[in-house]
Every structure is written in C-alpha cells, then in structure tokens.
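Number of protein chains: 6
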Amino acid sequence: MSWFWNVPGFPLDALKSPRFAQPITFARLPFIRNLRDNNVLGAFIGVPFDGGTTFYTGARLGPQFIRSESRLLRPYNAELDVYPFRVLRAVDYGDVDVVPTSVVKTLDRIEVTINEVINQGATPFVAGGDHSITLGVLRAVGRRFRPLVLHFDSHLDYWDEYWGERYTHGTWLRRAIEEGLISGVIQVGIRGSQYDKSDFEYAKASPVPIRTIMMSEVEVRGIDWLINELRNSLKGPVYITFDIDSIDPAYAPGTGTREPGGFTSREALTIIRSLSQASFELVGFDIVEVSPPLDTANITSLLAANIIYQAMSIKAKQVIGVG
Amino acid sequence: MSWFWNVPGFPLDALKSPRFAQPITFARLPFIRNLRDNNVLGAFIGVPFDGGTTFYTGARLGPQFIRSESRLLRPYNAELDVYPFRVLRAVDYGDVDVVPTSVVKTLDRIEVTINEVINQGATPFVAGGDHSITLGVLRAVGRRFRPLVLHFDSHLDYWDEYWGERYTHGTWLRRAIEEGLISGVIQVGIRGSQYDKSDFEYAKASPVPIRTIMMSEVEVRGIDWLINELRNSLKGPVYITFDIDSIDPAYAPGTGTREPGGFTSREALTIIRSLSQASFELVGFDIVEVSPPLDTANITSLLAANIIYQAMSIKAKQVIGVG
Amino acid sequence: MSWFWNVPGFPLDALKSPRFAQPITFARLPFIRNLRDNNVLGAFIGVPFDGGTTFYTGARLGPQFIRSESRLLRPYNAELDVYPFRVLRAVDYGDVDVVPTSVVKTLDRIEVTINEVINQGATPFVAGGDHSITLGVLRAVGRRFRPLVLHFDSHLDYWDEYWGERYTHGTWLRRAIEEGLISGVIQVGIRGSQYDKSDFEYAKASPVPIRTIMMSEVEVRGIDWLINELRNSLKGPVYITFDIDSIDPAYAPGTGTREPGGFTSREALTIIRSLSQASFELVGFDIVEVSPPLDTANITSLLAANIIYQAMSIKAKQVIGVG
Amino acid sequence: MSWFWNVPGFPLDALKSPRFAQPITFARLPFIRNLRDNNVLGAFIGVPFDGGTTFYTGARLGPQFIRSESRLLRPYNAELDVYPFRVLRAVDYGDVDVVPTSVVKTLDRIEVTINEVINQGATPFVAGGDHSITLGVLRAVGRRFRPLVLHFDSHLDYWDEYWGERYTHGTWLRRAIEEGLISGVIQVGIRGSQYDKSDFEYAKASPVPIRTIMMSEVEVRGIDWLINELRNSLKGPVYITFDIDSIDPAYAPGTGTREPGGFTSREALTIIRSLSQASFELVGFDIVEVSPPLDTANITSLLAANIIYQAMSIKAKQVIGVG
Amino acid sequence: MSWFWNVPGFPLDALKSPRFAQPITFARLPFIRNLRDNNVLGAFIGVPFDGGTTFYTGARLGPQFIRSESRLLRPYNAELDVYPFRVLRAVDYGDVDVVPTSVVKTLDRIEVTINEVINQGATPFVAGGDHSITLGVLRAVGRRFRPLVLHFDSHLDYWDEYWGERYTHGTWLRRAIEEGLISGVIQVGIRGSQYDKSDFEYAKASPVPIRTIMMSEVEVRGIDWLINELRNSLKGPVYITFDIDSIDPAYAPGTGTREPGGFTSREALTIIRSLSQASFELVGFDIVEVSPPLDTANITSLLAANIIYQAMSIKAKQVIGVG
Amino acid sequence: MSWFWNVPGFPLDALKSPRFAQPITFARLPFIRNLRDNNVLGAFIGVPFDGGTTFYTGARLGPQFIRSESRLLRPYNAELDVYPFRVLRAVDYGDVDVVPTSVVKTLDRIEVTINEVINQGATPFVAGGDHSITLGVLRAVGRRFRPLVLHFDSHLDYWDEYWGERYTHGTWLRRAIEEGLISGVIQVGIRGSQYDKSDFEYAKASPVPIRTIMMSEVEVRGIDWLINELRNSLKGPVYITFDIDSIDPAYAPGTGTREPGGFTSREALTIIRSLSQASFELVGFDIVEVSPPLDTANITSLLAANIIYQAMSIKAKQVIGVG
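Chains as they are written, first to last, in the working numbering: chain A, 404 to 726; chain B, 404 to 726; chain C, 404 to 726; chain D, 404 to 726; chain E, 404 to 726; chain F, 404 to 726.
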C-alpha cells in the first residue's frame, strides 16, 4: 500500500495530508511492531490503564488523547537542532492490552510488551495510564539496566499501601525499590499536603538513595539551580518517569490528584531540554497520569506530547553523540 | 444541635435553607447509621466503585453527583399520592468504603454494609458505581430473599468473562445466578449490537428463568404492553437493578457503554411508577452506571435521583398497604 | 448608513452577510426603540435578571444566548404559511436595564419598559430571566388587558414565599393574582415532586380560576387532547408565559430547577403552533428560565428562540386575520 | 505482524483487547486499502472537510470522533440477524486527503478516492464532513449508478448559492441534479424556518423528481406511514445521504445548523433498519454534518456510528439475499 | 456510631476510606456545630451567596465545590511543619442559611452565624459567596477586633454604589469603613481597567488608612519585596479577605469579573505561607468569588481549598507560638 | 433615541446598565459606521473568518466572543494614565462580511472595509479570524504606510503553501512581503517543532529584513531585554499583528495550533504596555487565531479583549503626544 505512511521516522506530511485527516498514531508516525527489521531505536507505547488510581480515574484514555494532540508535532527540533523521529527511526508500537480490572495482571502484560521493545533494540517512550504502570515498565527496563530514576512528581509515591493494596499509583516506587529494579531516585517537584511527617522517613530507610527536591526549594533556588543539580547528578543508565501532576494545574488540569504550585510548561520544557547536555544514557521514559476526562481543551495531553517529543530529542542527541 | 437536620424522613426544608446550602446528603435527608433505633425502613447507600467497567470509567462519582442532584426532590409524590421519605423514615446511610483496585474485595465490603442495613430492618436503595456492584448487594439481599430480579439495561450482562476476569460489570448476572442468589430475571431494554448470536444462548441454559424483553419488541408493542407484562410477572420478593444505560443517551449521556435507541425519561418514570400497582415485595433497589464525568449538565444524575425517588415511593406504598 | 440593517421586519440576509458576522440582535432584526414611527407590531425585549431564583442562577444570560441562537431563524414559517417578522414589522428593542440585586426595583423597571412597548402599539415578546420577571410584564400587560394566562411549567409557581421573601420565581403567579392582573390561569406540564399535598389547595382558594393540567394527565390522554383543550379554552386576551423547564431536561438542560419527564421539543413546537387555530388575542408572551451556564451546546437557547418564533407567528396570523 | 488485527470484517476483540486500547479505526476494523485482493464489499471512508459550511464549523473532525465512538460496535446485529462486518468483509479505508481551503479541489479528491473504492468492488460508507462532500461522492457513485437519493435532512439543500458561492453544504443537491448524477430525490425530515416561500419551487422546476416529506407531515401521519412510503418508493440503485441534523438537537446536538423538532434516535434507527425489507440496491451511503466541537458527551458521533452500522447491515442483508 | 468520623481535627483517612467516598465536608473533617465543648479553634463556614454580584453569578456554589476539591488536603503541611487541622481541632461548621434574594437579610444572617463561631472561641475560615459577604463577616469579627484588613483582589471594591444599590460585591469595603469595623486596609493585586481616574481618590479621603499595592508595582519590584512589605505592615489583629480574582484567569478562571495579569498559584501560595513569619494575630479569613459554573476542571475551587489550608496553617502556627 | 448609547468613545455605563444587559458591541461602545463625521480615530472591526486554517477551525467566532468578554473593559487605563476610548473617540464598526468558503474573495472584502476605515481617518483595531486575514488588512494599511510589522506568534508564518494553496494562515507573511506591503518584520515568541531546518532560510532570502526572536532566546535573556529590543527597533509606521498562540496554552487555550511554552498573560500585557514608550506610529493592529470553541471559560477571548485595550491605549498615548 504505497499510498499510506510506512517509513519509520517519517510522519505523515501535514503539507500534503491535513493534520486532522487519517486514523491517528503518535506524531502521525507509522504503526509498526517489527522494530528490529526496521532498525527502530525509539518506540512510542501506550498503556491505557487507570486501575491503580486512588482518586479520579480517566488516565486509561491518556494514550488516545496524547496521540491526538501529538499530530501537531513537526520533524525538526530547532532548539536542540535535531530530527528526533528520523534519528530514532521512531514508530508507534500501539498499546499494551491491559487487564482493566487487575493491576497485577496488567503489570505482567506491560513487562512482556516492554521486553519486546527493548529486546528489539529500541528505547521505550511510554504514555500512561496512571503511575502504577511505571512498575511494569521498570520490571523490563530495570532488570536490564538497573537505572537511576529521575522522577518528576508532586507526590512521593513511596507509600506502602492504600486500603490494604500494595500495587497502586502511590506505591509503585517502593515496590520498584523492593524488587531491586533501580539504583536510586531523584524526585523533583514534590509539594502539597502530606499524610504525615513520617512520610519522608522512608527516604532515609530506603536501600537505594532517594533524593527529594521539594518544589519549595526550587522556588527559592531557581530553575537554573535545578538544571545544574540534575545535570551533575544524572549519570549512567537513567530512566525518566514524568508524572504530569508535577506541572501546575493551570497548565495540566487533566490529571487525578492535582496540587497547585507546580512547574509551568515553559519551565518543564526547559528542564527536559536541558538534560540533553548531561552525560547519561536514557534507557526509558514514561509520562503518566494524563487524565483526559478531567482536562480542559486537551492542553494536558498537548503538553504531554511535547514532553515526549523533547525526551525523544534527548535520546536522539545521545544516539548521534554515540554514533 | 437542634439547628440541624436529624429527623429520619424529613429533608432539610428548602423554604428555610436554600437548596444549594449545607453539606450534601441524598435528598437532604439526615445522615444516620443507626437504623434500628430510628425505625428506618429505607436507606440510601452509595457504592462509589468503577473498577469493574470495560470501557469508560467515572461511575465512582455516581453517589456524589446523584446526591447533589437529589437536592431538588421534595417530600410529596403527587402522582402516587405518597410521602416516600416520611413513610420509610428514610435516611442517607453514607457510602460503602470500597477498595478501588479490587472488585473482589469491594464485593465483600458491599455485602457487609448491605447486611448491616437489612439486618436493621431497612430496605436498601443503592446508587453505584458500575454494575459489578449489584453482585455484592445481591449476596446480602439475595441470600435472605432469593428474589426475582427486574433488570433494566441495554446489555445482557451475563457474559462469562472479559480478558480472563470473572467479576466485571458485564458478568455480574451470571455470577449471581451461579451463586444461587436469585430466582429469576426479567430483562428490559436490551438493544445495540451483540458480540455474537450465541450471546443469547445462556438464557436458555441458565438454571433460573431469564426473560429478555428487547427494546425492539417494546417499540413494536408499546410501553403499555410492557407495563402490563411487568405487572403480571412481578410477584413475591423482587429486586430491581436499574442500569442507567437502559435510557437513551439523549436523556442519560453520563454512562460508560451507551446504546442509542433507549427509553426516554418520561417512559422510564412512567414504567417505574406503574409498578406501584403490582403485587410484589420490593426487597432492594439499585441504580448503576451513572458516570458523571461523561454527563452533560448532570442530567443523568438528576434522572437517577428521580428514579430512586419513584422506587422509594413504590416501597412506601407497599409499606402503607401492608400496614 | 445604507450598508447596514435598519428596516423593521427584515433580518440581515444570511445569503449576503454570514450568520456568524456582525453584532448580534434577535433574529438579526434591527435594533430599534422608536416603535410607533416604524409601525412595529411585535418587539423582542430581553430581561436579563436571575435575582429571583431559588436554586441555580444563570438566567441573566438568557437574552444574550437566545439572541445568539436566534441567528438561525429565517423569514418564512412554512408550517403556518406566514412571514412573522414582516407582518409584525418586528424589531429587537434591547434589554430592560435591571437592578441585579433587587427583585422589587427590577419589577418596576420591567413595568416601565413594557409599558413603553405596548403604549407604542406593539406586542411584547419577552425573553427572561427567571420567572419572577413575568410579574413585571403582567403589571404592564395585565393592567391593560387583564388576560387569561396560559402557563407552561413543571412547577405550580403559586407558593406564598421562600425564606420570608414574597417576590421570587416560585411566587410570581400568586402575586399576579393578588394584584388583580389576570383573569385566570391554565397551567400545563406540571410534574415532579411537591413540597406538600396542600400545595394544590391554593388553586381552589384562588380568586380567579386556575386549571392545572398535570403532565401525567397529558401522558395518559395524549398531546392531541391537550391541543384541543387549549384551543377550546383560550379566548379573549391571552398572555402566554413559557417556563422552559416545562420541556424535558434532555431537550432543555439549561435551566435551574429541572424535572425529568417533560415535553419534547417536537411536542412543544406542535402545541404552540397549534394555537394559531384558536380564537384568542395574544397580548404578550414571555419565555423564561433559560440558564445558559447550565446548558449544553446551547440547545436550550436554540429551542427558546424557535418557540419565540412560533409565538410571533401566531400573533402574525392573528394580525393578518384581523387585517 | 500476527499480533495485530488484519482480517477484513473482523474487529479487534474487546474481550481480549479493551475497547479503549490501540490506535483507533472504524469499529476497530483493520485499516486496509487494497480492497480487491481482500474481497472487501464495504469500506468506511472519512472525509474530514468543513469548508462548505454556512454557519458553525467543526465537521472536519467528524471522522475522528465517529471512529472513536464506533469502538462500541459489536459484530452481531440481533434485530436484523446479520453480521454486517463479516458479510461485507468490511475495512477502514482511511480518509480522503482533503484541501481544507477549497471546496472545489476537495470535491475532486473525494471523487478520486470514491472511484478507487467502487472500482475495487466495494460499496462506500462515507463519514463527513459537511454536506458539500456528498457532491464529490455522487460524482463517483452517481456517474456509475445514477441512483435515486434518499435524503435525510432538516434542510432542502437545493439553494443556488450563498454569497455568490455555488459549492456549499446548502447547494450540493442542486449541483448534483444539474450535473446529471442522480435520478430523483426523496427528502425526509425537512423542518424549521425557510428563507422564502419560493424556496420550495425548485422542487417543481427540477429536471428529476424531488419528493419532500416535511417533518410536520411525519408528525401527523406517523413513523409507520413514513416507513411504508420509503419501502414502496425505493427501487433500483439507491444512495442514502444522512444529514445528522435530521435528528432532533437533543439527540444530535453536535451539528452546525440545528433545527428543533427532529427525529429521535429510536425513530431514526427504526427507519433505517426497516429499509432492510425494501427491494433496492444500496450503492453508497454517507452521514454528514457531525460536528464534534459542538457535541456534548459525543452522543452525536455515537449515534452516527450506529447509523452507519445499520446501513452496513442493510447492505449485508442485500448481499446475502443476492448471494 | 463509632464507624464514622467525629473527632475534631482529624479528617476521614484516605488510606482507609477512598477520597471519593462518603458525603462531603471540608477536608473530610467532621461536621460539628458545638465548638466550645469540642475546644475547636478553627471552623470552616460556607456562605453560598451571589446576590451581590455585578456581572456573572455562580459564587453561591463556591462552598460546595471548595468542599469537593478539599478532599485532597492531607493533615501535614511540610513547608510550614505544622498539622493545621489537629492544632486548630478544625471542623466543618456547615453553611450560613442565606436569603438568596436579599443582600441585606443575608448580611444579618452571616453576622449571626459568625458571632456563634467567635463566641465559642473559634476563628472563622469562610468560603463565599461573592465579596459582599465579607461585610457580614466583618460585622461580627470587626466589632470585636477592629482588625487591619489584608485584601487580595484585582478590584478596589470601595465604590459607593451600583445602580443605586449600596450593598454589592464592589462596595463592601466602603461600607465596612463607614461602619467603623476595620482599622485599615492593605490592598494587593489591583489591576485591570478602572471606571475613572477618580476611583482612587476615596483612598485618600477614607477615615482609615488604605494602602493600595498595584499589580504593576509587584511586577516591577518582585514577589520578595511584596512579602517583606506585608510582613512589616501586618501587626495586631488582622483579617484576610482573599478575592480569588487576584489570581490570574489561567489559574482561577472560575470567577465572575476576571482580570488577566494576576498572581500565579505558586506566587499566591508562597505569599500566604510567608505570612506565618509575621507577628500579627489572624482573627478571621475569607476566600470569595469562586464561581464554579465558570470554572474549568474545578481548578479554581482546588486552589481556593489550598489557600484556606495555608491560612489555617498560619493560624495553627500562631496558636502553637502563643501556647 | 436618547435612551441608548451613541456617543463615540463612551461605553454604556456599567453602573447604570448592568454589563450583561443589552446587545453586545466591543467594550459596549456605540456601533457606528460614519467615522469621519464623528471624528473617530480608532475603530474596532471584526473579521469572522477561519477558512485559512490548517488544523482546528473556530476562529470565525472570534469577534463574537471577544466582544462578549470586552464588556468588562472600563474607560480608564491606570497603568498608562489614559482614557483610550475617549481619546480615540472609539467605536465598534461591525464586521467584514466575509465569504466563508473563499480566502481570496474574503481578502478582497477585508481590504475594502479597512480602506473605508483608514480613508475616514481612523486606525483599525481588527479582531480575527485566522491569521490569513492579516494579508487583507495589510493590503489596505500596507499600501498606504508600508509599515514595519511587529509579529507576535509561535509560528513563522512565511511558508510558501499548504496542499498547493497559497493563501492560508501559515503563508500570509510571505505573500505580504511578495506583494510589497511591508518594510520589515520583527517576530517574537517563535517556538515549538518545525517542519524542517530549512524553514528558517526564507528569513535570509526575504527582500525585506526579518528578525526572528525565538522564545528560547527570551527565556534566556528575559522579558526586560525583549522590551528594550522592541523599543529600540520600532520606528516609523508600525503594524502590530498579535497571534494569540504566542501566549501559552494555559493562558490562551482557545486557538487552533497551540504550542506550550509561550508568554504568560502578565508578560504579554507588560510587553504591549511598554510599547507606549517607544517612538513609532501605530498604523494598525490585529489580534488573530482566537478560536472560542476550543477555549475554556472564554479566558482566551478575555485576554484578547485586554490586549486590544492596551493597543488602543498605545495609540491614544501617541495621539495625545502628537496633539
């Protein structure tokens, strides 16, 4: 079918086919599952699951709406001077077929799918879904790379359980540490009210180092300070998990447990972009907690698509640098 | 605290306290858990759970929004000439504390709560939540009464499983039959496309009688025919489960698996109201699948509140009749 | 300024100036206040007031949104074979400058404005605003014509007071009777729950006849019966007040005290249109309780605009008939 | 890629892959362009164009949202006892790459694409887009079949021009007649205000017969009468064009020029379904004027998807009957 | 009923009862009116009144939606190292039963209720309602404390009257000064267009000092400067009134008279939090003009809930410091 | 008609006629077309056209919604100490009667209307409509003044064509240069992904100087730097075109091709306001791409109205300075 798009890394051309035409894939990239034969280095994967949330649901529609808003992405990243899709020969790998009623079974399926991707030599760029899905991704990525995790969030996410349940969007990080999947964590953007003063104590007891950078500290020291801290701290294999609620609700209303006082979209894009100058290896990325039913004018999904674009650009820069 | 409302059966008076004032309970009735000492005969209970859905979520917010819209309910039902709240000494019992990530654990908790209610001599009027919760209610009500179930829905809901999961909003009815909780089913409003012709075969194999009245049959024979059929068929203990998607999406857009071509609100209210003339005993009622995030102008929650009101009126008529 | 529209009865032509262009007036008719010199027989007047509501507000935006949706109205009413605007030389008279914080002062201002209109020989077609405004209109129209009132509503509106207040959207009818403004009332569409059985007793005690046609009666006897009843009952000067909540919430969600089970838009348009065959004199019309912030897709305002159009058509038919 | 769906006529199975997972195609059917080799008899085609509208835009998003809502469609049509997708070996053919700024160029592209489909032996089921696109479809279908057109609409659509423009959503029918593409027209659902009494005169002057069934006539004579009229009138090759504004705004708010008083969804589905018993050959179908930005809760797109489903079912019945 | 929450200062535990379960009170605190016997030091009170607005209404729903969004508040304020609810033994006192049609009568009722609260030894934390309600609160608080008022707003609010009315949301401050209720005012955030240059002159003529800090001055001098100014100026009894329109519409769209160019949520939270280091006594607090019908995704209510939380934290710090 | 407003420069007084009353014009200014006899120096003109967009439509409703939100504008600009409406004797000139289906014909009509305005001695303040309309305005303004264009945007807008079409919202700037209408361009706010590295090359090849200030440069150097750059660069006749998508989507979600990371409303107002101190002559202004159907809570239209207000204030200051 020569008519249609099928070249990895090349989105359907908006100057020929209007952006609002044709079935929707991420960034209008081809929908391809055979990564190895196509030499794909970066794949978008959706995980439409919100069975791990503690308050509002809706994140199961995250992949659908992020794909929809991603149609505005164009091939060239001028700020970083790179063509992320072409360099990564990027594709849309489709979604994990989750089990909506079971976190545990869904984590298994995520692990299987992500292993498919990394075993074919591609880096996964995952769109959730609630934050519980990150555990599934880390079971694949973490067992291979045991990365340092850069964790954007307004919440600590290392609580032990909710209502007796151990696998939720607020406990995934403790589980990942307990399962030995990661070598450390840097948390950025933490704010809002806490359950208890003792919430912070797990960070000290944790078997791997956890550094928590509160939003209040960023406000005092500034974004430039934060960028420098991250650049200096990130080394070796790094996995980035980006909870969209690290962003202020004005910029990202579409998420389930919102905390006012977060990053602006400009700050977030600047921070992510700045990581292109750090010397680490990006081994995986996810953006989670985009809940389209709570969104307004789809701006949360739009921002999420742009953050994925910057993450792909970082990887592309690393690929070029290595090459 | 004489200031505030605390008499079962008597809503806060809108001629004194505006409807939009004060924390919200169902119909502005008092929030009371000690039913026996208050001689409560009818209790509103919320089950804010949507972990059993197969498509769109949001039904966990059903009880909140139904309560909010129920503030328009007034004490006297002129069409049936009854004061439902006063007769039932009705109260708001609060919600079941569900386990959002587990259908199975939630079913246990529902059963416990409903048993609390019926053991104190009150009939439960339940607001879901997705349709999986009905199984939990029936485990309490069904074990005591083994009722005939009057089932308003656009879907059959006796599928065996989804993605290998046996407890969902599409399988509760088969489970209830398998668990011996009910003595028969009359389904009303079924329509829309089906998975397969064989979907209907379980009705024949079922250990208890299942009568399925398709919407297309109602269209041909008319509402009056339907009312007569129901009046003639309903005897002994009856449990009514009302899936809001039996209503047309124009009247009830706020639900997760919508099928055009359903009942209008006028038809639904007329049908429910007409049951006051049948000679059965209402042993429980639920309305499910109201999903406020999908709603527009809260009309689905408003209709649900009015249907509960009619159901309470039927029970009140039965109580008076018995008295 | 020959460029622009200024001929009474002739809307700006959508075949030349697109419907979405130019500042908005009712039906794109000219905005004119000198009625007598223009021989205007019918004038649209807005009363943007919602200070008399007991639950949700928003009706102050009724005139704005009804004007906006009225841009779809075209000159020729095929069903009634009449050009209502041309016959009435209809114009948009603008709004009453209400006092948002005071029902009492606003009623005075309404009376003044409506007197301006009727003193110039035009029939007022009023868009509210909440139902309290009808009292102001009747103080002008009623003192001149002492009409029979045809009252579409889901509520009785003859309560005595709310929170000690005598002028509200639920008490205007009793005030109008007490003030001797009307000769009788026919209420159509009443439904929903009532405060008390005694609510209906005022109808018997009232100094003028009140006939209340419940929606439940219409359901049993049918729309044709209702039309006949109205045709036979309406004689002499008649004022029509149309509370949009007489319509079902699916068709008119944008109103503050909604009751499921009302008229469909098709029924409402048919009923209104059918009145063109009755032998009464329409001396005034209002449509009230359109609350755009509660609306979805502006369908309530759209329906209201179409009902006004039918009411103008009735008057136009009467004018032609008399002519 | 055995993992994914690729068999014409078989949607992705919701019992295995949740409905909200995976990139979206119509009814979750495979996205395939080679129709002949797959023996495809029915193809869904989107035409995302709204450059021909006279009031509100947004119909360019019709195909996207209809696809999204079509995920609820299941394989078996119980009312008609047919598996439409399997019988037609149905697929999603993707969209026409329209030229958003030019009606004329877009009509050319539509014609090319539809010719691709019919030349491969498949019947096109088209989702617009505004009504101007029907002219493009008819240039392909009409030149081959010169069909009778069954035209559901609230508007006549045979005006000559708007603002000097001859190709718009209100003039396509006159152009189609002038171009000799069709053998006659039956219009159903016409209502609302008209520009002028003379609007109806073209029907008499037209070189092919135009029968206009006003909504007011349907109200008087009933739906059964309409169904009989259509069954008796439809013979030979028939093309159905379904303007969603033939439906009442309560059921289909998402369209640009709405007229209250239209069909309910139940009536529409019944009428369409009933055509399975008429003896004509369906040579093409379109549903137009779905404008998702004006919609609420996507119910208009949902209804459109269901109407397409019924249309496919009719064709499937005809195929089986012929076979 | 030991099952349910009833201990002042302790919210229902989200780790046991999901946040979306149970009837809603502020921060899930108990609903208690007997403050003295419970040693309550801080009480949330709603004033659901919008009869004093000059443009858009909707603020009568403020308390309802602020309560709803407050469910995300947790017990521990990490930035200020304090448990505000526990220290204040905080409760939800319910709403003032306002008279929706009368500002004057409502002001009386507010005064009565607030006196109940302060006479029992608790500090009121009030959620409006439009800004006219602050006059009612000050009649209670001001007569006891004659506080300095810290006034966040984009408007001056000391106009004399609107349409001849003296009690509105734009005149409360002048009335409070005239009634001798306050000792001075510091206004922060003023911006947007003004009626006239003379608007500012009342500040000079006022019998108590009025300091007006324009937003344009804050932009030039910075937030740190503002914080220092406030810390230095606030002494003795201080009442804080926070008009949510001091926040930029991107962060607080849900309000009736919006002015672009306001504070961000981060700035607002930082400023409020910083006041914990000033040496004044907080004698009352209100947040007003939250209008949920105008909001998007409830972010305005969410921000308001968080600002109340910070205000309670300041008081708690003061209580501890005093203790 | 002395009752109503008709004095250029004087809005209807909100202290007498509530803001939500009366048909809507820009800033409640009189609707007048005879500019010369009224000595009008500044006129608001709407251009409701979105036929040149490449993605989402809706900008045809820009003038309607900007007018609606402009009702909050008051006569006095305190920051600039000027009464813009009075100085300019400002009026609402109404809209250009566009041809919705044709960019080319619409450009002609715009040119005619703008020439009417400038030939009468008034400066046009235009509200689009999509960005293609700027070409029409420049054909009038540019031929007289050949101005330097200050271009706020997130996109370059000097692409050559889309789908073979030369007149779109992404190509107007190249056309304006080719037609010799302007003397140079300063672009501010450019960001987001690009089609290709070569996109920027036209700036070098252009016959007039194009300076492109990327948003990333503004982030590094700061807003003060940008203000200085603009003040120093703007001389002689200047035309300002303000694409609302230069603003961040959190502040301006209502636009068709959004790019996260833009200006805040505070920054935008500060920048515009600061231009009052530069020594150029403002010969025309437009704000484009406001798409109300995509907006939330109308905040984009509100911001646009405020930006126009600041632009009028600049012109007023220039008029006074010259005077």
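For the record, the hints were derived by calculation from the structure and aren't laboratory data.
Nothing here was measured: the structure is a model prediction, and the numbers come from that model.
There may be inaccurate statements among the hints.
All copies of an identical chain are treated as equivalent in the list; a pair is satisfied when it fits inside any one copy or across any two copies.
Said to hold, decoys possible - Capping the alpha-carbon separation at 27 Å, the derived lysine-lysine pairs in BS3-like fashion look like this:
id : residue 1 : residue 2
1  : 638       : 419
2  : 720       : 638
3  : 419       : 607
4  : 638       : 607
5  : 638       : 600
6  : 508       : 607
7  : 720       : 508
8  : 638       : 508
9  : 508       : 600
Okay, the hints, checked on the actual structure:
1. 638 with 419: Answer is neither; intra-copy 42 Å and inter-copy 40 Å both fail.
2. 720 with 638: within (15 Å within a copy, 42 Å between copies)
3. 419 with 607: Only across copies: residue 419 and residue 607 sit 25 Å apart there, 56 Å inside one copy, limit 27 Å.
4. 638 with 607: Only inside one copy: residue 638 and residue 607 sit 22 Å apart there, 40 Å across copies, limit 27 Å.
5. 638 with 600: Answer is neither: 31 Å inside a copy and 31 Å across each miss the 27 Å cutoff.
6. 508 with 607: neither (31 Å within a copy, 33 Å between copies)
7. 720 with 508: neither (36 Å within a copy, 41 Å between copies)
8. 638 with 508: neither (33 Å within a copy, 43 Å between copies)
9. 508 with 600: Neither way: residue 508 and residue 600 sit 33 Å apart in one copy and 30 Å across, limit 27 Å.
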